[in-house]
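Trainee: What follows is the residue order along each chain.
2 protein chains.
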Amino acid sequence: MKEKVDLHKEQFLNELKEFLSIPSISALSEYKSEVNKGAEWLGEALKSAGMEHVEIIETKGHPIVYADWTHAVGKPTVLIYGHYDVQPADPLELWETPPFEPVIKDDKIFARGATDDKGQLYIHIKAVELLLKEKGSLPVNVKFCIEGEEEVASPNLDPFIHEHEEKLAADAVLISDTSFIEKGQPAICTSLRGALALELELETANTDLHSGSYGGGVPNAVHCLVKLLDSLHDEKGRIAVEGFYEGVPEVTEELRKEVSEIPFDEEATKAELGLDSFYGEEGFSFKERTGIRPTLEINGIQGGFQGEGIKTIVPSQAHAKISCRLVGEQNPQDVYNRIEQHVQNYKPAGSKVTLNQLIKAKPVSLDSRDLMIQKAAEAYERVYKVRPLFPKEGGSIPIVEVFSRVLAAPVVLMGFGLSSENLHAPNEHFHIENFTKGIETVCEFLQDF
Amino acid sequence: MKEKVDLHKEQFLNELKEFLSIPSISALSEYKSEVNKGAEWLGEALKSAGMEHVEIIETKGHPIVYADWTHAVGKPTVLIYGHYDVQPADPLELWETPPFEPVIKDDKIFARGATDDKGQLYIHIKAVELLLKEKGSLPVNVKFCIEGEEEVASPNLDPFIHEHEEKLAADAVLISDTSFIEKGQPAICTSLRGALALELELETANTDLHSGSYGGGVPNAVHCLVKLLDSLHDEKGRIAVEGFYEGVPEVTEELRKEVSEIPFDEEATKAELGLDSFYGEEGFSFKERTGIRPTLEINGIQGGFQGEGIKTIVPSQAHAKISCRLVGEQNPQDVYNRIEQHVQNYKPAGSKVTLNQLIKAKPVSLDSRDLMIQKAAEAYERVYKVRPLFPKEGGSIPIVEVFSRVLAAPVVLMGFGLSSENLHAPNEHFHIENFTKGIETVCEFLQDF
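Just so you know, the protein sequences line up as chains B and A, in that order. Residue 107 in full-length UniProt numbering is what sits at position 107 of the first sequence, and the numbering runs on without skipping anything. Residue 176 in full-length UniProt numbering is what sits at position 176 of the second sequence, and the numbering runs on without skipping anything.
No wet-lab data here; the hints were simulated from the structure. Check before you lean on any hint, since a few could be wrong.
Remember, identical chains collapse to one label, so a pair may be satisfied in a single copy or spanning two.
As the list claims (entries may be wrong) - Keeping only pairs whose Cα atoms sit at most 25 Å apart, straight-line, the calculated SDA-like set for lysine to any residue is: (1) Lys352 with Asp230; (2) Lys37 with Glu308; (3) Lys105 with Gly184; (4) Lys352 with Asp276; (5) Lys227 with Arg338; (6) Lys385 with Leu255; (7) Lys4 with Pro155; (8) Lys270 with Gly350; (9) Lys227 with Tyr346; (10) Lys347 with Gly237; (11) Lys352 with Phe278; (12) Lys352 with Leu94; (13) Lys347 with Ser48; (14) Lys352 with Asp265; (15) Lys37 with Phe449; (16) Lys108 with Leu13.
Since we're looking at a predicted model, the values are computed, not measured.
Model the full structure from these sequences, guided by the hints.
Mentor: Have a look at this one:
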């Protein structure tokens with residue numbers, strides 16, 4: 001299959017560039033028509049690949065793209081999931097080339113969505129296309145279910161899966177939206193953290209006030225917010241919200257050993273990020289903190305005057321965006337309620353606080369001994385000549401838990417990204433080697449039944 | 001003089017509307033040409049009023065407008081100072097009418113700069129014009145020195161005054177840029193707090209990071225900034241920067257009495273601002289906190305994702321803007337150094353902080369028994385039928401201290417604003433009654449020599 005992939009490599013990359021040039025940012029409403037364009041483009045790509053019953057299914061948010069090919073009588077069915085939406089691109093000034101003008105440099109393709117998830121998703125479309133063109137048929141039944149709302153936590157895919165259990169029924173769900181351990185070392189992720197995201201708005205007076213006339217005498221919304229946010233962690237880096245750790249599994253020696261077996265170069269990572277030291281919950285390693293422990297991070301803060309120079313006001317409004325990663329039996333709704341309680345208990349006198357929940361997803365755990373996961377491991381091994389590892393990922397793909405529960409099918413997280421590929425950050429990119437080898441690996445996997 | 005003012009009232013207000021429609025925002029560099037337009041407009045207004053030697057003097061920043069009329073041989077010279085620049089207008093969405101489209105409603109004129117300071121400054125131009133038109137001459141010598149950088153702390157007026165001591169020489173400096181106690185109760189301010197303003201930038205990693213892969217394991221710039229800023233005040237609302245209070249005068253019973261004599265309706269102010277309670281340094285009243293005590297206020301904060309929805313990043317950069325009001329013998333440079341030391345001592349591990357000083361002005365104290373101030377008090381009394389009070393203002397007009405020191409002349413702070421007129425805030429306005437009575441009062445004052 002390698003020869004076939006190499007033969008079409010240039011053409012496939014040109015197509016991917018076209019896909020990446022669509023700014024399908026799901027979080028920003030002004031990009032609505034671009035997200036739709038992404039779905040349309042994808043539908044055409046699936047048709048060209050030879051998939052059948054291609055549908056662009058409208059939802060309350062962004063469309064879901066469905067397609068299938070189900071002529072492999074008596075063979076298993078693989079449901080391939082991915083997402084065509086991308087993260088916002090700001091801060092724009094930190095991009096070396098524009099985020100939606102894909103560029104190939106040093107055997108990497110640079111663009112927003114290159115690794116998360118358009119590049120990884122496109123691997124599957126090209127794998128299916130090559131198999132269909134070669135033999136006129138596929139070795140298994142294949143369904144595609146591709147959403148445009150992964151970056152905003154899949155609000156409409158969740159009910160869609162519940163309503164279309166039969167249409168989506170499969171023997172395995174195959175997803176490429178995770179990372180290798182490092183270049184050349186593939187990985188099949190067996191655990192994903194849950195997620196919770198919220199916005200917090202704090203108000204004091206009914207207007208901004210002159211700091212000369214009122215400063216020192218009235219509550220300042222930024223001071224109040226700063227005090228409130230600082231109360232969310234204690235001096236040991238632990239989350240100070242009462243009851244937050246309920247449902248978090250005990251970190252046993254066995255679990256610690258399992259985590260520590262995944263190679264990680266602490267010094268190299270620090271150097272790469274420009275950090276003198278890591279930071280986090282006392283008593284845990286970096287891999288434990290980011291893989292098996294829950295977190296609470298402020299993703300953004302804003303209040304008062306933002307422009308050039310100074311404006312001597314006492315701000316009356318301030319905002320923060322917060323997200324948590326959850327593990328084990330932590331329930332996102334319970335954690336949200338705990339945070340709301342904390343905020344009401346700790347908000348400084350003179351301030352009013354309102355919360356707005358944005359994302360809610362349960363943690364998920366997969367069994368590496370499952371047949372499907374073992375077959376995926378063998379496919380990797382045949383292409384990359386090395387056995388994949390089975391790490392526990394710190395990130396969240398909220399829909400994995402829903403697929404796994406509703407379809408009662410094993411989920412195979414067959415990632416082709418690298419964690420160094422700046423996903424969610426400026427200068428996102430994808431290694432072309434993993435794009436082409438990815439196509440080979442997926443072909444190997446599908447042909448193994 | 002009342003009849004003359006009434007006769008021309010409509011014309012004067014139309015002229016003021018024209019002046020207010022120029023968005024001469026000194027802090028924002030994209031408004032540079034509008035600030036220049038403000039200076040040009042003012043030059044023409046001074047010429048029309050009959051002033052001589054009108055000059056638009058370029059500086060490194062925005063121009064200074066100068067004019068004089070010096071034919072009153074043997075009479076004292078009054079130097080009138082004001083500023084034609086205004087504060088930025090954001091948040092725009094909170095304005096009921098556009099900030100640079102002046103509107104008259106309920107006997108008030110609404111626009112950015114209406115009370116601070118275009119409306120108050122224009123009083124003097126119209127007073128001089130009426131006197132010159134009536135008698136062909138002025139009862140005293142008058143000089144105007146009007147700047148376009150008051151809202152950015154007068155960086156170029158300070159050296160200009162030093163270099164033009166002789167040109168600006170005067171027996172009194174007359175300034176209308178302060179407030180009444182309340183409607184109908186004029187005030188001559190006898191003390192202004194000093195000011196210090198700075199920007200703080202905090203950095204952690206060299207890029208924003210995915211909160212799934214790195215959250216909980218690396219320093220978060222917003223967490224670090226929140227912790228650092230929260231360390232600036234203690235639990236009792238005192239500023240926790242070591243040595244900050246050096247040079248702050250003891251609050252004696254006499255000083256407390258003086259402050260408490262200025263009427264202030266605590267409940268009405270709370271209701272007007274939508275506040276349940278005031279807030280500030282323990283052991284001091286609202287008037288003390290905002291008049292004779294120093295302050296440290298965060299004027300703005302920003303970091304991480306600001307858009308709609310959520311972006312699950314660990315931010316690597318965060319910024320804050322901070323300003324202080326200073327009293328007594330506090331030295332702005334010393335206070336800046338103390339804050340810098342505090343920031344370096346308290347910045348959380350893994351963060352780098354840089355400071356940038358924006359404003360620096362010494363506190364100033366004036367003697368209410370001075371002859372010029374007493375004459376101003378009499379002028380108010382003749383027009384308003386009530387004796388003005390002599391409050392200590394919480395605000396800063398950095399140049400007052402420089403005028404007073406370099407020209408060795410008493411400064412008369414003859415304000416016509418009201419503190420409720422939303423200066424530095426949305427829906428700034430100016431009471432037309434104080435505009436017309438202001439013209440009468442200034443005529444009375446100038447005719448008293």
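Trainee: Could you run down the list of hints and mark each one as holding or not?
Mentor: Do the hints match the structure? See the list:
1. Lys352 with Asp230: Both: 17 Å inside a copy, 18 Å across copies.
2. Lys37 with Glu308: Cα proximity of Lys37 and Glu308: across copies only (21 Å, versus 37 Å in one copy).
3. Lys105 with Gly184: within (19 Å within a copy, 72 Å between copies)
4. Lys352 with Asp276: between (38 Å within a copy, 10 Å between copies)
5. Lys227 with Arg338: both (18 Å within a copy, 22 Å between copies)
6. Lys385 with Leu255: neither (28 Å within a copy, 84 Å between copies)
7. Lys4 with Pro155: This pair counts as neither: shortest intra-copy Cα distance 39 Å, inter-copy 69 Å.
8. Lys270 with Gly350: Result: close only across copies, 11 Å inter versus 42 Å intra.
9. Lys227 with Tyr346: Cα proximity of Lys227 and Tyr346: in one copy and across copies (9 Å, 15 Å).
10. Lys347 with Gly237: both (20 Å within a copy, 15 Å between copies)
11. Lys352 with Phe278: Close across copies (14 Å), not inside one copy (34 Å); limit 25 Å.
12. Lys352 with Leu94: between (36 Å within a copy, 19 Å between copies)
13. Lys347 with Ser48: Classified as neither: same-chain Cα gap 57 Å, cross-chain 57 Å, threshold 25 Å.
14. Lys352 with Asp265: between (45 Å within a copy, 24 Å between copies)
15. Lys37 with Phe449: neither (35 Å within a copy, 78 Å between copies)
16. Lys108 with Leu13: within (11 Å within a copy, 65 Å between copies)
Hint violations for this structure: numbers 6, 7, 13 and 15, all remaining hints satisfied.
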